[in-house]
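There are 2 protein chains.
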Amino acid sequence: MRNGGAIRKGEATRQRIIARSARLFNERGFAGCSMQDVMEATGLEKGGLYRHFQCKEDLAVEAFRYSLAQAVKVRTDHLDRSRGAVELLRSFVKRFVATTSPVRGGCPLMNTAIDADDGNPVLRALARKGFSDWRARLSGFVSEGIRQGEIRGKTNPRRVANTIIATLEGALMMSRLEGKKTPLKDAQAALDGMLDRIAAR
Amino acid sequence: MRNGGAIRKGEATRQRIIARSARLFNERGFAGCSMQDVMEATGLEKGGLYRHFQCKEDLAVEAFRYSLAQAVKVRTDHLDRSRGAVELLRSFVKRFVATTSPVRGGCPLMNTAIDADDGNPVLRALARKGFSDWRARLSGFVSEGIRQGEIRGKTNPRRVANTIIATLEGALMMSRLEGKKTPLKDAQAALDGMLDRIAAR
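If you're matching them up, the sequences are chains A and B in order. For the first sequence, this note's numbering gives the first residue as 24, with consecutive numbering after it. For the second sequence, this note's numbering gives the first residue as 24, with consecutive numbering after it.
Hints are computed from structural coordinates only; laboratory data are not their basis. Don't take every hint at face value.
Same chains, same names: a pair is fine if it fits in one copy or spans any two.
Stated by the list, open to error - Straight-line alpha carbon distances no greater than 35 Å define the calculated DSBU-like cross-link-like pairs of lysine-lysine that follow:
id: 1; residue 1: 69; residue 2: 203
id: 2; residue 1: 177; residue 2: 208
id: 3; residue 1: 69; residue 2: 117
id: 4; residue 1: 32; residue 2: 208
id: 5; residue 1: 32; residue 2: 204
id: 6; residue 1: 79; residue 2: 96
id: 7; residue 1: 79; residue 2: 177
id: 8; residue 1: 117; residue 2: 32
id: 9; residue 1: 32; residue 2: 203
id: 10; residue 1: 203; residue 2: 117
id: 11; residue 1: 177; residue 2: 96
id: 12; residue 1: 69; residue 2: 96
id: 13; residue 1: 208; residue 2: 69
id: 14; residue 1: 32; residue 2: 177
id: 15; residue 1: 204; residue 2: 69
id: 16; residue 1: 177; residue 2: 69
id: 17; residue 1: 79; residue 2: 203
id: 18; residue 1: 117; residue 2: 177
Could you put the whole structure together from the sequences, leaning on the hints where they help?
See the structure below:
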């Protein structure tokens, strides 16, 4: 029992390190965030940190997973699936524009993509999988809409998915940089127009 | 005369440092690129480097300006203005999709936006101005098209400009990450569709 308690306590410390360092890595990137920064943010000594993570990459990987899971949750939980594929996609876009990722520093996928495209290969592979999963999910909604006769049969699901993701991510980058919602609102209007046009009539 | 020669030689060295460090900063970001890295890339000693730039920020600012100027040049030189605003915008999108920024590491504006949104304020201000100039240029094309009767009167120039920029930048990020052109090609198809619909008939 005492051993189980120690394991639980160790796991709680590990989770606390991940949660606290997630924001650091998301804001500063892999190269811009040192283990010294993590020590300061967590209040742990070097030994305590390395007991839980072999190296900075190990921690950055867990921090990325944590940030991504938080972002996916806030953007996809409880989407209304009752009104068909077009409205589902519309509500996904609306949610993305209206909500901020719970881990500060913007979208962890885009940050990691930009940070790792010429950098860390493990993080790059994780970001690639993140986009691939996201595209599969959105294009699945489109395919289902086509099957149900709600979306025009000649619509290309991958193209719709890629366009939604690219437009939202680009607009989020601009909105964060400029400190205003206008680029995101403009993106939403453009994507709503696209969704109107793929809807079967 | 000898003094003029020394000034010219100094200026040539300065320009060489900027050109060589532009790629480093574009690939690695401000925090991810040290003066040590720049010394290695240029073959200069610390003293030689600091003779030309007071600090890393000074050099990063010049490197960003250089990278941005190169990207703007390759993306906007010799665009065909003879066939009206819609075709001009279409050819701009096509050029963006077809050409790679001459300074390796992707779009310097997006890289700096992501790197500096929680980081260096001077670089952030420069990136903000870069997007603002780009938006002004594209929305100027739309406004001119409306005046000439080539674009529908109810079109919102800012919205069209923001959508083009966001979609292209997001798609470029995905294409670079995935090592394929598909996201950019999909973005081009979607933007072509949008341009078809704002054209006056």
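Okay, the hints, checked on the actual structure:
no.: 1; hint: 69 / 203; result: neither (39 Å within a copy, 41 Å between copies)
no.: 2; hint: 177 / 208; result: both (28 Å within a copy, 17 Å between copies)
no.: 3; hint: 69 / 117; result: neither (43 Å within a copy, 51 Å between copies)
no.: 4; hint: 32 / 208; result: neither (45 Å within a copy, 50 Å between copies)
no.: 5; hint: 32 / 204; result: neither (42 Å within a copy, 47 Å between copies)
no.: 6; hint: 79 / 96; result: within (26 Å within a copy, 39 Å between copies)
no.: 7; hint: 79 / 177; result: neither (47 Å within a copy, 53 Å between copies)
no.: 8; hint: 117 / 32; result: neither (40 Å within a copy, 56 Å between copies)
no.: 9; hint: 32 / 203; result: neither (42 Å within a copy, 45 Å between copies)
no.: 10; hint: 203 / 117; result: both (16 Å within a copy, 28 Å between copies)
no.: 11; hint: 177 / 96; result: within (31 Å within a copy, 38 Å between copies)
no.: 12; hint: 69 / 96; result: within (32 Å within a copy, 48 Å between copies)
no.: 13; hint: 208 / 69; result: neither (44 Å within a copy, 47 Å between copies)
no.: 14; hint: 32 / 177; result: neither (55 Å within a copy, 62 Å between copies)
no.: 15; hint: 204 / 69; result: neither (41 Å within a copy, 43 Å between copies)
no.: 16; hint: 177 / 69; result: neither (58 Å within a copy, 61 Å between copies)
no.: 17; hint: 79 / 203; result: both (34 Å within a copy, 29 Å between copies)
no.: 18; hint: 117 / 177; result: both (25 Å within a copy, 23 Å between copies)
In the structure shown, a violation is registered for the earlier hints numbered 1, 3, 4, 5, 7, 8, 9, 13, 14, 15 and 16, in ascending order.
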